[in-house]
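Undergrad: Chain residues, written in single-letter form:
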Amino acid sequence: MSKHMTFDDDDRLAFRDSVERYIRDHADPESVMEWDERKAFPETVVKGMAEQGWFALTLPEEYGGIGNYLDMTSMLEVIASASITLARFWNINVNMVGGAIAALGADHLKSEMLPKLAEGKVRFAFALSENNSGSDASALKTRAGVGEDAFTVNGTKMWITGAQQADYILTAVRTDPNATRHDGISLVLIPCEAEGVTVTPIPLLGGHAVRTCEVNFIDVKVPRDLMVGDLHTGWKQLMPILAKERVALAAMCTGAGQAATDLAIEYCTQRQQFGRRLTAFQAVSHRIVEMQNRTDAGRLLTYHAARKLNAGQPCSREASQAKLFASDSYMQTALDGLQVMGANGYSMEYAMQRHFREAKVFQIFGGTSEIQKNIIGKELGL
Amino acid sequence: MKVLIPVKRVIDYNVKVRVKADGSGVDLANVKMSMNPFDELAVEEAIRLKEAGKADEVVVVSIGVKQAQETLRTALAMGADRAILIVAADDVHQDIEPLAVAKLLAAVVKDEEPGLVLCGKQAIDNDMNATGQMLAALLGWSQAMYANKVEVEGDHAVVTREVDGGLQTVKVTLPTVISTDLRLNEPRYASLPNIMKAKKKPLEEKTAADLGVDVAPRLTVVKTAEPAGRAAGIKVGSVDELVAKLKEAGVV
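Chain order of the listed sequences is A and B.
So the first sequence is numbered by my numbering: it starts at 7 and just counts up by one.
So the second sequence is numbered by my numbering: it starts at 1423 and just counts up by one.
Calculated directly from the structure, the hints in this document are not laboratory data.
Where is the CB? At the ideal position from N, CA and C, for every residue including glycine.
Be a bit skeptical, because a hint or two may be false.
Simulated crosslink set (DMTMM-like; lysine to aspartate or glutamate; CA at most 20 Å straight-line) [unchecked claim]:
#1 B:K1619 / A:D15
#2 A:K53 / B:E1608
#3 B:K1438 / A:D16
#4 B:K1454 / A:D268
#5 B:K1623 / A:D17
#6 B:K1424 / B:E1479
#7 B:K1619 / A:E68
#8 B:K1488 / A:D268
#9 B:K1454 / A:E272
#10 B:K1619 / A:E67
#11 B:K1623 / A:D16
#12 B:K1621 / A:D16
#13 B:K1488 / A:D16
#14 B:K1622 / A:E272
#15 B:K1622 / A:D17
#16 B:K1622 / A:D15
#17 B:K1623 / A:D31
#18 B:K1619 / A:D17
#19 B:K1622 / A:D16
#20 B:K1532 / B:D1503
#21 B:K1438 / A:E272
#22 B:K1454 / A:D31
#23 B:K1621 / A:D15
Stretch-level coverage of chain A by chain B, calculated; a stretch enters the list once three of its residues show a Cβ under 8 Å from a Cβ in chain B [said to hold, decoys possible]:
#24 16 to 22
#25 26 to 38
#26 66 to 73
Chain A with its partners taken away, still in its complex shape:
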């Protein structure tokens, strides 16, 4: 029984327990700190995750998928509590690109890619944003000339996490040059090995263990059978995938926020000042209580959204509410956690500084907090 609330039935508790054990053994705090400091991708641990069958979790059953979105939420909470890198890598590969191939891909693409993904033998990244097309994603300019057998891709994509590890990047490209905004966009899997693809890591404040990159395409030839979904209608097809991403990001914020809260509890119950434990001061203990409360509230919204995903119901609003609240909570928790730990919170010796750096990006990627409010507002008829 976890000391924190869960929404797990017995099977999910058993799975969560197994994930906890693997993560405890393979993503211990020292290792995670080292990956971050050395900007080292945890290759062996990712391979191990695939061996555990986690890379099949939410794939269709015929490809070994046996889990649902509540299992995903539970798993990501646990993984992110130790390593956001591992959780993000899983999300991009399985939830987003794997999910897109499973939902939209032609049969030949599914049978070629999904078994390999399940075994961790093919790796993906996802490319939507561009330099002048961030929150305004549909303004994307990367062009794909449509030939008989192949696309010819030209343009530059930004903020591609895991591009250095990827075999293919699922890329949103404009296939109809005359269409504007949401029309004329298609999704193609671009092989990273192809001629004309250049991957350059971008120095960032956090997320060092799996680098986020700029990817440049110059006359890259992509076979037509690597298109995922239908020609010119990629934008519409992308929306459910992005909603699933928001649920996953909310789950990560919940798990990581819980870890930050747990760290603050551990530190403040041990540290003595003025002859008393820090938690004997209400200014400290009340702050920690608020951290836990926010984390639990985010968790409730996240599981609510995951339940709707499971039921196959539209959940754009719920996914955005969860992502907005859980990411803001995580950021606030990291700020509070750092404050109650004082100089040690600011020190590179403790994990709190990493939460402080990692939390911020959750308010930015996967749709900024402001964009989430736009989505929710639209759903509310505002």
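Based on the hints, put chain B in the right spot on chain A.
TA: The following block gives chain B in isolation, referenced to the frame of chain A:
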């Protein structure tokens, strides 16, 4: 050959234990419980024997409160074939003593007739290290405790044991009782597909009374206390100062 593995539900090794206010034991209410790690090694070893074609059925048995079925499900999810739960207590704080456990296991062995009982060398809750030895004695079987390596060949097993000062290799005739030591193997993690499959595996439930064993405690816990906290250390500036301090403390 059938392999029987007793597994115990114990407080998770990662949990910081708290002594109950009345000193009667450790607080187990609302605490994460897991399979005794030494038993996990035994489950792993048995599954490996099965995978190597040396065993054909792996049966796990747990004795204690009803919640021990979670522990059995974990063993089934790791790969055991079926499970037996012997309910012997209602209160999670009631520990069944090694002799009672050994008697219950002996009764199960009579029913199941395994060729090998593989058990953890001890449970991490009370560190008795007695059940395996008592079981072998009650059955009149050979025993090889603290196994570091197990090889089953025909009608015997060759077991490398961890003993004080090194390793000892013994050859025992089957049926036998072997207990596991820490370095025997690295237990696998239960995967989600196997957790789902485990739900469908048979789990038979019995009571201690069904097996005619009296589990009433014969030992009395006089007192349980937390270890004394460590005093803060000091920093010394030189070797001379270190030696002086050690002399002062009367340790050199």
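Undergrad: Next step is simple, just say for each hint if it's right about the structure.
TA: Taking the hints in turn, this is what the structure says about them:
Restraint check for K1619 of chain B and D15 of chain A: the C-alpha separation of about 16 Å stays at or below 20 Å, so the hint holds. About 17 Å separates the Cα atoms of K53 of chain A and E1608 of chain B, which keeps this hinted pair within 20 Å; it holds. The suggested pairing of K1438 of chain B with D16 of chain A is violated, with an alpha-carbon distance near 24 Å, which exceeds 20 Å. Pair hint K1454 of chain B plus D268 of chain A holds up; C-alpha atoms about 16 Å apart against a cutoff of 20 Å.
Restraint check: the Cα-Cα separation between K1623 of chain B and D17 of chain A comes to about 14 Å, which is no more than 20 Å; the hinted pair holds. Only pairs whose Cα atoms come within 20 Å are accepted, and K1424 of chain B paired with E1479 of chain B is accepted, the gap being roughly 5 Å. Taking the CA atoms of K1619 of chain B and E68 of chain A, the gap is about 16 Å. The hint holds against a cut of 20 Å. Under the criterion of a C-alpha separation no larger than 20 Å, the hint pairing K1488 of chain B with D268 of chain A is inconsistent with the structure, at around 31 Å.
The straight-line distance between the Cα atoms of K1454 of chain B and E272 of chain A is roughly 18 Å, inside the 20 Å bound, and the hint therefore holds. Taken as a hint, the K1619 of chain B and E67 of chain A pair is honoured in the structure, with Cα atoms around 14 Å apart against an allowance of 20 Å. The suggested pairing of K1623 of chain B with D16 of chain A holds, with an alpha-carbon distance near 15 Å, which does not exceed 20 Å. About 10 Å separates the Cα atoms of K1621 of chain B and D16 of chain A, which keeps this hinted pair within 20 Å; it holds.
For the proposed pair K1488 of chain B and D16 of chain A, the alpha carbon gap of about 15 Å is at most 20 Å, so the pair holds. Straight-line distance between C-alpha atoms of K1622 of chain B and E272 of chain A comes to about 40 Å, which puts the hinted pair past the 20 Å bound. A threshold of 20 Å between alpha carbons decides the hint, and for K1622 of chain B with D17 of chain A the separation of about 12 Å falls inside it, so the pair holds. With a C-alpha separation of about 16 Å, the suggested pair K1622 of chain B and D15 of chain A falls inside the 20 Å cut-off, and the hint holds.
Proximity of K1623 of chain B to D31 of chain A is assessed by CA-CA distance (about 28 Å); at most 20 Å being required, the pair is judged violated. For the hint linking K1619 of chain B to D17 of chain A, the alpha-carbon distance of about 10 Å falls within 20 Å, and the restraint holds. For the hint pairing K1622 of chain B with D16 of chain A, the CA-to-CA distance comes to about 14 Å; that is within 20 Å, so the pair holds. A distance of roughly 19 Å separates the Cα atoms of K1532 of chain B and D1503 of chain B; the hinted pair therefore holds under the 20 Å criterion.
Proximity of K1438 of chain B to E272 of chain A is assessed by CA-CA distance (about 12 Å); at most 20 Å being required, the pair is judged to hold. Straight-line distance between C-alpha atoms of K1454 of chain B and D31 of chain A comes to about 17 Å, which keeps the hinted pair within the 20 Å bound. For a cut-off of 20 Å, the pair hint linking K1621 of chain B to D15 of chain A stands: about 13 Å separates their Cα positions. Only residues whose C-beta sits within less than 8 Å of a C-beta in chain B count toward coverage, and the stretch 16 to 22 of chain A has 4 of them, enough to reach three; the restraint holds.
With a threshold of 8 Å between beta carbons, the proposed coverage of the stretch 26 to 38 of chain A by chain B holds, since 3 of its residues qualify and at least three are required. Judged by the Cβ-Cβ criterion of 8 Å, the stretch 66 to 73 of chain A is covered by chain B as claimed, because 3 of its residues qualify and three suffice.
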